[in-house]
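Please build the complete structure, drawing on both the sequences and the hints.
Residue numbers (the working numbering), protein chains in the order written: chain V, 1 to 343; chain Y, 1 to 343.
Rather than coming from a laboratory, the hints here were simulated on the basis of the structure.
We put the beta carbon where it would ideally sit given N, CA and C, even for glycine.
Among the hints, erroneous ones may be present.
Have a look at the derived ranges for each label pair, beta carbon to beta carbon [as the list claims (entries may be wrong)]:
id: 1; chain 1: V; residue 1: Arg-59; chain 2: Y; residue 2: Glu-132; range: 54 to 64 angstroms
id: 2; chain 1: V; residue 1: Pro-31; chain 2: Y; residue 2: Ile-29; range: 49 to 59 angstroms
id: 3; chain 1: Y; residue 1: Gly-58; chain 2: V; residue 2: Ala-42; range: 17 to 27 angstroms
id: 4; chain 1: V; residue 1: Ser-88; chain 2: Y; residue 2: Glu-132; range: 24 to 34 angstroms
id: 5; chain 1: V; residue 1: Pro-152; chain 2: Y; residue 2: Arg-10; range: 26 to 36 angstroms
id: 6; chain 1: Y; residue 1: Gly-173; chain 2: V; residue 2: Glu-296; range: 41 to 51 angstroms
id: 7; chain 1: Y; residue 1: Ile-29; chain 2: V; residue 2: Glu-297; range: 49 to 59 angstroms
id: 8; chain 1: Y; residue 1: Gln-6; chain 2: V; residue 2: Asp-136; range: 37 to 47 angstroms
id: 9; chain 1: Y; residue 1: Ala-313; chain 2: V; residue 2: Ala-42; range: 25 to 35 angstroms
id: 10; chain 1: V; residue 1: Glu-337; chain 2: Y; residue 2: Ala-313; range: 52 to 62 angstroms
id: 11; chain 1: Y; residue 1: Ala-42; chain 2: V; residue 2: Val-190; range: 25 to 35 angstroms
id: 12; chain 1: V; residue 1: Leu-38; chain 2: Y; residue 2: Glu-103; range: 20 to 30 angstroms
Number of protein chains: 2
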Amino acid sequence: MAATMQDVARRAGVSVKTVSNVVNGYPHIRPATRDRVLTAIAELDYQINLTARNLRTGRTGIIGLAVPELSLPYFAELADSVIEAAESEGLTVIIEQHGGRREREVEILTGSRRHLTDGLIYSPLALGPGDERLLDVPYPLVLLGERIFHGPVDHVTMRNTDAARAATEYLLGLGRRRIAAVGVHPGEEVGSAALRLDGYRAALDAAGVRPDPALEGEAGLWHRRTGAEAMAEVLDRGARPDAVFAFNDALALGAMHELQVRGLRVPEDVAVVGFDAIDEGRYSNPTLTTVDPGREEIARTAVRLLHGRTRGAAGEPQRVAPPFGILVGGSTEPGRERSASEP
Amino acid sequence: MAATMQDVARRAGVSVKTVSNVVNGYPHIRPATRDRVLTAIAELDYQINLTARNLRTGRTGIIGLAVPELSLPYFAELADSVIEAAESEGLTVIIEQHGGRREREVEILTGSRRHLTDGLIYSPLALGPGDERLLDVPYPLVLLGERIFHGPVDHVTMRNTDAARAATEYLLGLGRRRIAAVGVHPGEEVGSAALRLDGYRAALDAAGVRPDPALEGEAGLWHRRTGAEAMAEVLDRGARPDAVFAFNDALALGAMHELQVRGLRVPEDVAVVGFDAIDEGRYSNPTLTTVDPGREEIARTAVRLLHGRTRGAAGEPQRVAPPFGILVGGSTEPGRERSASEP
DNA sequence: TTGTATGCGTTATCAA
DNA sequence: TTGATAACGCATACAA
Numbered sequence: 001m002a003a004t005m006q007d008v009a010r011r012a013g014v015s016v017k018t019v020s021n022v023v024n025g026y027p028h029i030r031p032a033t034r035d036r037v038l039t040a041i042a043e044l045d046y047q048i049n050l051t052a053r054n055l056r057t058g059r060t061g062i063i064g065l066a067v068p069e070l071s072l073p074y075f076a077e078l079a080d081s082v083i084e085a086a087e088s089e090g091l092t093v094i095i096e097q098h099g100g101r102r103e104r105e106v107e108i109l110t111g112s113r114r115h116l117t118d119g120l121i122y123s124p125l126a127l128g129p130g131d132e133r134l135l136d137v138p139y140p141l142v143l144l145g146e147r148i149f150h151g152p153v154d155h156v157t158m159r160n161t162d163a164a165r166a167a168t169e170y171l172l173g174l175g176r177r178r179i180a181a182v183g184v185h186p187g188e189e190v191g192s193a194a195l196r197l198d199g200y201r202a203a204l205d206a207a208g209v210r211p212d213p214a215l216e217g218e219a220g221l222w223h224r225r226t227g228a229e230a231m232a233e234v235l236d237r238g239a240r241p242d243a244v245f246a247f248n249d250a251l252a253l254g255a256m257h258e259l260q261v262r263g264l265r266v267p268e269d270v271a272v273v274g275f276d277a278i279d280e281g282r283y284s285n286p287t288l289t290t291v292d293p294g295r296e297e298i299a300r301t302a303v304r305l306l307h308g309r310t311r312g313a314a315g316e317p318q319r320v321a322p323p324f325g326i327l328v329g330g331s332t333e334p335g336r337e338r339s340a341s342e343p
Numbered sequence: 001m002a003a004t005m006q007d008v009a010r011r012a013g014v015s016v017k018t019v020s021n022v023v024n025g026y027p028h029i030r031p032a033t034r035d036r037v038l039t040a041i042a043e044l045d046y047q048i049n050l051t052a053r054n055l056r057t058g059r060t061g062i063i064g065l066a067v068p069e070l071s072l073p074y075f076a077e078l079a080d081s082v083i084e085a086a087e088s089e090g091l092t093v094i095i096e097q098h099g100g101r102r103e104r105e106v107e108i109l110t111g112s113r114r115h116l117t118d119g120l121i122y123s124p125l126a127l128g129p130g131d132e133r134l135l136d137v138p139y140p141l142v143l144l145g146e147r148i149f150h151g152p153v154d155h156v157t158m159r160n161t162d163a164a165r166a167a168t169e170y171l172l173g174l175g176r177r178r179i180a181a182v183g184v185h186p187g188e189e190v191g192s193a194a195l196r197l198d199g200y201r202a203a204l205d206a207a208g209v210r211p212d213p214a215l216e217g218e219a220g221l222w223h224r225r226t227g228a229e230a231m232a233e234v235l236d237r238g239a240r241p242d243a244v245f246a247f248n249d250a251l252a253l254g255a256m257h258e259l260q261v262r263g264l265r266v267p268e269d270v271a272v273v274g275f276d277a278i279d280e281g282r283y284s285n286p287t288l289t290t291v292d293p294g295r296e297e298i299a300r301t302a303v304r305l306l307h308g309r310t311r312g313a314a315g316e317p318q319r320v321a322p323p324f325g326i327l328v329g330g331s332t333e334p335g336r337e338r339s340a341s342e343p
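Okay, structure coming up:
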């Protein structure tokens, strides 16, 4: 079958150790020897057996990426970026979906699949305060998102509160006063939902606008569908928003859909702002105003931190939060386009 | 560090063989022995080392999934479904992105990463006729898509021509006569683009409508952006379509965006049909009429076929093409909604 | 029903 | 600069 190092060694008239040295780019090899080995490798069409190397070295070159689901466009784009970043560092990615189910989230941390990976980039939804000890795992872990803050691990996060506040202030600046929040998780004290709600309320407060609970729409998982449902709930309740701040773009697009189905004009009657800057929002009708949380940088940073740890980098857990920006589209300012040009 | 079978065996007072038997569910074990072993496993917090097992058995329980990129919503949803299906068969998935670059597509087939996987679900874009021999690989391979037809491997495909024809006939049935095609790959003889173009032309032909080259918009990669660009090209050329059949939903949404930016009404002035039935099209404004190609079934079938082959299933290469359907939305019939209810 | 011994293909130790 | 040889942790003939 497939050739082994033994075969190559025999053919090149050297020892397996020498073949190994060549394959791994060990510098002190006589050029003639190296050539003989490379020739033999080419002739036999040899490829290294990664499984054997993994067993011997205890490392696999694979990292895990755990997300809620790839059908959520933000996580699909994040996975794209993570795979890209990993590739450029010579790493392979295994994606696991937990769907926000606590049991799956725990299983991912402790399951035997972790023996297959050198480390994990972990974006939980169900885990929260009190679960810090679950993060005390015997392998490198980089946390994404805002569910757990004082875990013993590196953490790449978004500037949720600041960004949410900025988004809300932007709407206030447009003269909107009855701003709905879509994606609220009642009773939650940490997590993106809580932090974004904080930012939203802080902005209202600073502007002297009284928060109205009737304008807060709940949504567990942040899908288009749940965004539409939350929007419907707010409207059915009789609240009359003149703007919506949705906690992510999928929610925003679902909410916008619901508004339009009901004959409300976006942005004239209701302005809509999302969060995530997914590509979809550049082509929606109208295009979506959104917070750009720095997804690319989040992915690159997470991979870099994790890779460093897998190679033994010591030191205090890092906490990184890339800068954010607001991308303005037609969902808040009539006729404003965002398609081709910007980031 | 982590406990090994040796440790468990010592603690339980049995041999490693017995531990192995217990771990692997071998039936003929005395209950008392099994209990001792399970207790020892629990006490030591033992987990099997998958790398060692992989080396020993020559199988990894991992399958590869190669797609253009996860940022394309169809492939994100496909990956979701594949991971789900794999999970339910006890398999893990490694995703590789090739971006439609031929060099990457070849590398994926032959690279050393294949030693890490038991088989590959492979959806190429650049490979085509003449590349059949590249598919003659020493591991199980399931082909997705329409680039290569007579390869020596299992093949799960869409009913491209029939579905494209049905979509076009549907537009003709609405009275549209100047139907643009968006996503054309000029000169291509196989591939989704060619097959869908065939179906489109066949429908026109059968209806006695003369095909107009000015109505055919090129798009290499099928993104929202390229859809918008192709649509712009067609319009700038002076063609005056009353409908668009886009070869996938991303193109369709991009094209619809371009139409709307130019002040054309969808569907009144121009009706739009896509292909793929991604979730996004249920919430666009208007909602998107599209071909449902049976993504879930494609994913399940591909995983099932591959898993079978990895376990030694012999026999002729299979060719499977799930049935398709047309989902009608507001992009072709005013006021028609498709959100919550249907598949 | 359970134990012993061997090898999967690689890297690491040490010596030459 | 290179070679001989011992692990890495598990599964499996074969033996008991």
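Status of each hint after checking the structure:
no. : hint                                         : in the structure
1   : V:Arg-59 with Y:Glu-132: 54 to 64 angstroms  : violated (37 angstroms)
2   : V:Pro-31 with Y:Ile-29: 49 to 59 angstroms   : holds (57 angstroms)
3   : Y:Gly-58 with V:Ala-42: 17 to 27 angstroms   : holds (24 angstroms)
4   : V:Ser-88 with Y:Glu-132: 24 to 34 angstroms  : holds (32 angstroms)
5   : V:Pro-152 with Y:Arg-10: 26 to 36 angstroms  : holds (32 angstroms)
6   : Y:Gly-173 with V:Glu-296: 41 to 51 angstroms : holds (45 angstroms)
7   : Y:Ile-29 with V:Glu-297: 49 to 59 angstroms  : holds (53 angstroms)
8   : Y:Gln-6 with V:Asp-136: 37 to 47 angstroms   : violated (26 angstroms)
9   : Y:Ala-313 with V:Ala-42: 25 to 35 angstroms  : holds (34 angstroms)
10  : V:Glu-337 with Y:Ala-313: 52 to 62 angstroms : holds (53 angstroms)
11  : Y:Ala-42 with V:Val-190: 25 to 35 angstroms  : holds (33 angstroms)
12  : V:Leu-38 with Y:Glu-103: 20 to 30 angstroms  : holds (21 angstroms)
Hint violations for this structure: numbers 1, 8, all remaining hints satisfied.
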